[in-house]
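All chains, full assembly: derive it from the sequences and hints.
Protein chains: 2
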Amino acid sequence: MNKEYSVVGKNIVKLDSIEKATGAATFTCDFKLPNMLYGKVLRSPHPHARIVSIDTSKAEALPGVKAVATYKNTSRVLFNTSATATFTIPPLVPVVDQYIFDSVVRYVGDEVAAVAAVSKRIAEEALKLIEVEYEVLEPVYDPLEAMKEGAPILHSHTESKNVPGEKIHIEMGDLDRGFAEADRVYEHTFKLPVQKQAQLETQGAVAKIGVDGSITVWSTTQTPHPTKRIIGSIFNVPYSKVRVLNPPYIGGGFGVRIGLSAKAEPIAVALALLSKQPVKVVYDRKEDFIASDTRHGGYVTVKTGVKNDGTFTARKLEGILNGGAYCSWSTEAPGVLGAMGLSLYYCPNQMYDGHSVYTNTTPAGAMRGFGNPQAMFAIDSQMDIIAEDLNIDPLEIRRKNIMRVGQPWVLPYPCLSSGLEECMDKGAATIGWDRRGKLNAGNSKKRRGIGMGIGTHVSNAWPFCGDYSNAYVTIQQDGSVHLASGIPDMGTGNTTALKQMVAETLGVEFDNVRITYGDTESTPFEIGSHASRTCYASGTAVVAAANDARDKVLAFAAKTLGTAKEDLDILDAAICSSSNPEMKMALSDAALKAHEQGQQFIGVGSIIPQNAPPYLAQFAEVEVDLETGKVKVVKLVGANDVGKAINPLVVEGQLEGGLAMGIGYTLTEEIKYDSKGRQLNTSFEKYVLPTAMDITELQTIIVEANDPTGPFGAKGVGETGLVATAPAIANAVYDAIGIRFFEIPLTEERVYRAIKKEGIE
Amino acid sequence: MNKEYSVVGKNIVKLDSIEKATGAATFTCDFKLPNMLYGKVLRSPHPHARIVSIDTSKAEALPGVKAVATYKNTSRVLFNTSATATFTIPPLVPVVDQYIFDSVVRYVGDEVAAVAAVSKRIAEEALKLIEVEYEVLEPVYDPLEAMKEGAPILHSHTESKNVPGEKIHIEMGDLDRGFAEADRVYEHTFKLPVQKQAQLETQGAVAKIGVDGSITVWSTTQTPHPTKRIIGSIFNVPYSKVRVLNPPYIGGGFGVRIGLSAKAEPIAVALALLSKQPVKVVYDRKEDFIASDTRHGGYVTVKTGVKNDGTFTARKLEGILNGGAYCSWSTEAPGVLGAMGLSLYYCPNQMYDGHSVYTNTTPAGAMRGFGNPQAMFAIDSQMDIIAEDLNIDPLEIRRKNIMRVGQPWVLPYPCLSSGLEECMDKGAATIGWDRRGKLNAGNSKKRRGIGMGIGTHVSNAWPFCGDYSNAYVTIQQDGSVHLASGIPDMGTGNTTALKQMVAETLGVEFDNVRITYGDTESTPFEIGSHASRTCYASGTAVVAAANDARDKVLAFAAKTLGTAKEDLDILDAAICSSSNPEMKMALSDAALKAHEQGQQFIGVGSIIPQNAPPYLAQFAEVEVDLETGKVKVVKLVGANDVGKAINPLVVEGQLEGGLAMGIGYTLTEEIKYDSKGRQLNTSFEKYVLPTAMDITELQTIIVEANDPTGPFGAKGVGETGLVATAPAIANAVYDAIGIRFFEIPLTEERVYRAIKKEGIE
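Protein chains in written order, with this note's numbering: chain A, 1 to 761; chain B, 1 to 761.
Quick caveat, the hints were computed from the structure, so don't treat them as lab data. Bear in mind that the values here come from a model prediction, so they are computed numbers and not experimental data. Some hints could be false.
Since copy identity is lost for identical chains, a pair holds within one copy or between any two.
[Unchecked claim] As a list, the in silico DSSO-like pairs of lysine-lysine whose alpha-carbon atoms are at most 27 Å apart:
id : residue 1 : residue 2
1  : Lys316    : Lys559
2  : Lys593    : Lys167
3  : Lys20     : Lys32
4  : Lys552    : Lys307
5  : Lys120    : Lys14
6  : Lys120    : Lys32
7  : Lys148    : Lys303
8  : Lys316    : Lys10
9  : Lys672    : Lys757
10 : Lys559    : Lys676
11 : Lys276    : Lys32
12 : Lys565    : Lys632
13 : Lys672    : Lys630
14 : Lys635    : Lys303
15 : Lys672    : Lys191
16 : Lys632    : Lys438
17 : Lys191    : Lys632
18 : Lys120    : Lys72
19 : Lys756    : Lys438
20 : Lys635    : Lys120
Quick look at the structure:
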């Protein structure tokens with residue numbers, strides 16, 4: 001029973017689409033300043049080594065070279081490339097474990113030095129002239145190995161076992177009693193791969209130093225305001241003298257630049273300070289693969305106590321994630337893994353323990369889903385094992401255990417809305433759930449199967465870290481509206497959605513609202529784009545700002561028209577009285593009259609952080625080729641409780657993108673290393689992303705269980721698309737060939753070997 | 001008895017000085033965009049003509065030409081190049097009398113067509129290929145001629161006599177009774193020249209059209225927000241879709257671009273719309289002279305009734321100004337002439353009548369002083385005539401009649417402060433007033449003389465037109481401060497002064513405040529820089545915003561510290577309790593704690609328009625060469641009541657610049673025309689600006705009569721420097737050679753002829 005809206009809920013074409021389609025859009029990599037230099041980075045060839053000596057004199061002598069930066073002439077302030085240092089809520093303490101350059105290198109690709117020169121070619125030449133002597137140290141790659149006694153220690157600040165920061169522990173009820181009450185107990189360990197965000201635009205930044213020492217950085221960051229804080233801290237400059245902006249587009253993010261864009265910003269700034277000229281640093285694709293955060297791989301163990309009727313009595317979840325060489329989001333990701341892992345199903349007795357481990361590999365950070373796809377693969381794979389063992393339909397055992405509105409969970413905010421059951425029912429109907437188990441009559445070498453997975457996620461980063469937004473809304477003298485929000489536009493459509501919310505709140509046409517974004521100079525503090533939050537959390541701030549402005553418009557109009565403010569509303573850009581249909585005033589008239597009296601209607605909006613659970617159910621139909629091991633997704637249905645689809649077209653775009661990324665996570669994508677710690681797949685040629693050919697049919701279903709805390713009822717949709725894809729596909733593969741996989745991706749090689757091992761024909 | 005301030009009142013070096021000294025500053029003329037075209041304008045060779053036909057086909061066919069604009073393919077919305085259309089308070093109605101291009105041309109230089117091409121050279125070539133057939137119409141140049149029956153009519157909308165808009169009439173007391181009470185009545189008419197602003201950077205704009213039809217303009221405007229409104233109106237685009245910004249510097253203004261930068265903005269936008277590429281239009285110096293506003297020349301008549309003791313009983317003032325071909329500020333300038341002319345001295349019975357007249361000359365608009373230097377030359381020249389006639393010292397007769405705090409005047413705001421008498425006393429002492437009349441013992445061919453003139457002005461444009469400001473102040477998480485104000489930086493030092501006010505209000509160091517300015521996208525509505533208002537009026541908004549943020553800081557700190565908000569103050573970046581010296585919290589701690597709790601301290605400031613009179617007394621010592629007629633200013637003393645000097649160095653810069661411009665106005669500067677309506681002096685070679693060689697010794701004296709309505713007591717200082725220079729010098733020339741001049745400039749030719757005529761040897 002949604003209210004009838006004029007702008008919200010409408011399929012308005014994304015603001016950036018025409019610019020991108022015509023090639024007119026400007027990204028950091030396109031951005032140029034007068035006298036700008038090009039920076040290139042020398043990277044470690046060793047997974048673990050100490051720099052014994054470094055001689056940059058030949059590089060400096062090369063004509064056209066303007067600066068060479070090493071650990072000797074750059075900031076010695078420790079930082080974290082992620083925004084954790086700017087978000088963390090005490091008593092938690094963020095881990096800061098990186099310098100721009102250090103005298104120890106901890107993974108192949110770690111920063112050793114950088115050169116700024118008048119051309120990229122000269123900068124690259126100069127890199128070859130830098131002479132570095134290394135003392136090679138013993139490396140460790142696997143998190144379980146790195147936790148063992150006697151393993152090489154990467155950072156002196158870790159107490160033991162290479163664990164960065166605090167371990168996560170979550171508890172609810174009485175676990176022992178829960179397991180005691182169970183009829184059966186299941187325990188399985190799942191292994192997760194390292195996935196790469198593979199965003200189209202690589203990490204990049206352009207830095208310029210003002211004559212007053214102020215720093216301006218144009219970059220690919222997803223979080224301009226927090227990035228401003230990080231830059232200010234690293235270079236010891238008042239935050240007000242730092243400006244961070246997107247120029248204005250970002251070629252995707254998926255979490256890879258929440259905070260810094262790897263080290264593009266600080267390297268560009270360091271070189272700009274040394275050379276006294278603007279400097280541009282853009283990672284090439286190989287650098288983006290080896291020296292820019294990945295998703296966390298690792299191990300998830302689920303132990304579940306169940307009654308014979310399928311009811312849960314106890315659940316113990318454990319996550320050990322590979323954090324790579326530096327911490328980035330490695331303290332938060334295991335937290336989300338556990339929190340989400342324990343809140344999809346209701347279970348009175350639960351416990352989670354998890355943490356990351358340092359290894360001599362590329363740092364793992366944030367990636368769409370943020371620990372949650374790892375949890376869901378484990379939990380919802382096990383769910384099908386239990387269902388089969390208890391001989392209950394997988395759909396029904398889920399129905400029995402799913403979290404319902406008002407039930408207690410481990411999260412500090414209540415579950416106020418859920419469209420999960422509707423998602424399950426609609427998804428099941430769409431995939432043809434009743435066909436499950438009945439697809440392989442005959443003797444085909446291609447076996448079909450159907451499987452499902454469900455999931456939940458967040459609409460905001462709070463309470464996992466600090467998370468708030470502010471916005472300005474001003475009414476122009478012709479009644480048109482200007483909105484200023486510090487969010488970036490990564491291509492998700494969030495700027496379009498926020499404009500819709502403001503237009504709806506103020507009763508004006510969509511096209512009469514302009515949004516300024518992605519610039520710390522024009523906007524108040526706003527965390528940025530991550531945690532599926534911009535629609536839900538930034539949206540709340542934006543609606544609050546619009547309501548503040550609306551309030552001022554109505555107060556002015558009430559005075560002018562001689563009525564009570566409460567009697568007035570804005571409809572179709574006109575202020576109307578509910579008591580007297582004759583009493584009317586165009587918004588443009590009110591704005592102009594106010595102007596003539598020396599007033600502009602200015603609204604400021606801030607939020608009190610909340611959160612809301614978006615829910616989803618995914619259903620996959622797959623075809624497994626017994627002769628090659630190839631898993632083909634024939635159809636993938638994603639039914640999503642989005643709260644309220646502010647712009648269904650944009651929501652579908654997010655959900656479909658998520659499904660595609662989930663297919664890659666499940667079937668093909670994995671960063672691998674050779675025995676010397678070098679990444680094996682460092683290009684789009686070698687790192688296999690699913691293409692249109694791999695994705696036969698995606699079908700998204702939008703379910704709207706309005707959440708009372710969301711703007712117009714909306715919840716987050718940025719990440720949910722992929723959190724349950726892996727279990728849905730893996731369960732479908734099981735349905736097709738009867739093999740349970742405890743590790744993804746389900747590459748042809750892995751599936752083929754399993755088929756051979758099991759002797760399926 | 002000023003309060004002791006930490007930042008306000010300090011000589012902090014202007015923010016722009018280093019950038020300008022090193023050549024790093026960016027102006028519109030430096031600004032470049034990818035794919036940018038260059039626009040050039042075809043201008044009328046006739047002072048008055050109708051376009052019979054215009055053929056652009058050959059120009060369009062020239063390779064490299066991307067668009068040709070004429071009245072046939074551009075906006076037909078009437079506008080006013082000045083910001084009057086965006087400021088005027090009803091019931092006054094602004095005069096809108098220009099199109100971008102029209103089928104009638106009204107002065108030599110009027111816009112006929114424009115070309116956008118890939119290079120300036122090609123654009124210029126193309127102009128020569130445009131074929132225009134004119135029907136030449138009769139021109140008129142002098143305002144008195146233009147008012148006569150049968151004179152050519154320039155605009156059909158004028159009721160009669162070529163007068164644009166409403167005539168100004170101001171009245172107070174009973175004029176007839178006043179004159180009847182007088183012992184003597186004096187009446188003189190003075191003729192004023194057309195002066196040019198001669199700002200270093202010519203008019204310029206770069207326009208870019210977004211794929212959504214939004215318009216972005218980088219330009220030299222002094223008023224980004226009002227200019228946004230004008231552009232929106234001309235091109236029928238919602239104001240929110242128009243962005244106007246300075247890039248960020250402006251090479252001077254002096255009033256020449258309050259509103260549009262002549263027509264640089266609309267021509268650039270029109271060409272960008274036609275060519276679908278960004279377009280840059282920068283006037284060359286000749287265009288800037290012939291097709292960009294000037295100061296109003298014209299006639300001022302003063303009739304004064306005086307008692308034998310020197311007391312005024314009645315004054316009748318009349319101003320007839322040459323408005324040129326289009327209205328621009330021609331309805332406001334005569335108003336300020338009258339209002340200022342009647343409010344320097346107290347007189348119970350006063351009347352003013354004034355207006356502008358259209359003529360076929362370059363439009364007159366705003367220039368530093370805005371009608372007031374014209375009034376002061378007339379009034380304070382006559383003052384010396386009266387003083388001599390009544391045998392009263394010129395200083396004493398002024399002392400007897402000057403306006404004093406609380407006395408009634410014609411203005412709708414009260415006179416709450418005056419340092420005029422202190423200015424007169426200090427100035428007189430500095431020049432050595434007692435030497436007056438005693439300098440020419442002997443028989444030298446060089447005669448010396450001393451003279452004085454006094455004046456007043458405004459600190460804001462209200463109530464002459466609408467005038468208000470808003471500002472944002474945000475506290476960053478390290479306690480540093482960001483200020484956003486829509487003012488431009490024309491080089492006056494206003495950005496430095498506003499930063500000082502914010503630093504003082506929030507108790508932080510100057511260097512910890514950053515200001516964003518000159519961009520409609522990052523700031524709420526702000527009229528801009530004109531009417532000596534940015535320190536006084538924008539300053540008030542900025543201090544209000546800082547106080548709003550301060551209030552929120554103190555409320556948060558009070559809650560955190562467990563005390564009352566009123567008990568707290570911010571000193572040296574720390575929140576301190578007045579009751580408990582132990583109770584203390586760094587501002588940075590409060591900002592960070594608030595951040596951790598999801599709050600940023602955001603202040604919004606708006607103003608209730610006020611005004612305050614800055615006062616000044618100027619004293620000149622001159623040397624007149626009887627053999628050449630050359631008048632040399634030996635010394636010029638300007639004593640100014642500035643209310644409170646927020647930054648004395650900046651104030652002195654404004655005052656000295658004003659004095660220099662006043663010397664040019666008095667001695668050398670005048671735009672002249674030949675018999676065919678063509679300007680004769682269209683370059684810095686031919687238009688004689690005073691140089692350092694012409695300005696022997698300037699001495700400024702700062703007097704601080706704090707005004708209760710000004711921020712920290714400040715009043716406007718942008719224009720006062722020159723309002724009394726002409727009478728001071730003219731009176732000194734009289735003291736030197738006994739000749740009274742009723743017309744300026746006192747060029748060598750004019751003075752030599754007068755000397756010859758009077759037979760002085």
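Evaluation of the provided hints:
1. Proximity of Lys316 and Lys559 under a CA criterion of 27 Å is satisfied in neither setting, with 62 Å inside one chain copy and 42 Å between copies.
2. Proximity of Lys593 and Lys167 under a CA criterion of 27 Å is satisfied inter-copy only: 25 Å between copies versus 60 Å inside one chain copy.
3. With identical chains, the CA atoms of Lys20 and Lys32 are at most 27 Å apart both within one copy (19 Å) and between copies (22 Å).
4. Taking the shortest Cα distances, Lys552 and Lys307 never come within 27 Å of each other, neither inside one copy (59 Å) nor across copies (56 Å).
5. Proximity of Lys120 to Lys14 under the C-alpha cut-off of 27 Å is found in neither arrangement, the shortest distances being 35 Å within a copy and 37 Å between copies.
6. In the homo-oligomer, the alpha carbons of Lys120 and Lys32 lie at most 27 Å apart both inside one protomer (13 Å) and across protomers (23 Å), since each shortest distance falls under that limit.
7. Proximity of Lys148 to Lys303 under the C-alpha cut-off of 27 Å is restricted to the intra-copy arrangement: shortest distance 23 Å within a copy versus 102 Å between copies.
8. Within a single copy, Lys316 and Lys10 get their C-alpha atoms no closer than 43 Å, and across copies no closer than 66 Å, so neither meets the 27 Å cut-off.
9. In the homo-oligomer, the alpha carbons of Lys672 and Lys757 lie at most 27 Å apart inside one protomer (24 Å), although the nearest pairing across protomers, at 101 Å, exceeds that limit.
10. Neither within a single protomer nor between protomers do Lys559 and Lys676 lie at most 27 Å apart by alpha-carbon distance, with minima of 76 Å and 57 Å respectively.
11. For the identical chains of this complex, Lys276 and Lys32 are neighbours both inside a copy (16 Å) and across copies (22 Å), given an alpha-carbon limit of 27 Å.
12. Taking the shortest alpha-carbon separations for Lys565 and Lys632, neither the intra-copy value of 61 Å nor the inter-copy value of 67 Å comes in at or below 27 Å.
13. Taking identical chains as interchangeable, the C-alpha atoms of Lys672 and Lys630 lie at most 27 Å apart only when both belong to the same chain, with a minimum of 20 Å there against 88 Å between chains.
14. Proximity of Lys635 to Lys303 under the C-alpha cut-off of 27 Å is found in neither arrangement, the shortest distances being 31 Å within a copy and 95 Å between copies.
15. Taking identical chains as interchangeable, the C-alpha atoms of Lys672 and Lys191 lie at most 27 Å apart only when both belong to the same chain, with a minimum of 14 Å there against 88 Å between chains.
16. In this homomeric assembly, Lys632 and Lys438 come within 27 Å of each other (Cα to Cα) only inside a single copy, at 18 Å, whereas the closest approach across copies is 108 Å.
17. Proximity of Lys191 and Lys632 under a CA criterion of 27 Å is satisfied intra-copy only: 22 Å inside one chain copy versus 92 Å between copies.
18. In this assembly of identical chains, the alpha carbons of Lys120 and Lys72 lie at most 27 Å apart only when taken from the same copy (23 Å versus 49 Å across copies).
19. With identical chains, the CA atoms of Lys756 and Lys438 are at most 27 Å apart within one copy only, with a shortest distance of 23 Å there and 121 Å across copies.
20. Neither within a single protomer nor between protomers do Lys635 and Lys120 lie at most 27 Å apart by alpha-carbon distance, with minima of 46 Å and 59 Å respectively.
Hint compliance for this structure: hints 1, 4, 5, 8, 10, 12, 14, 20 are broken, all remaining hints hold.
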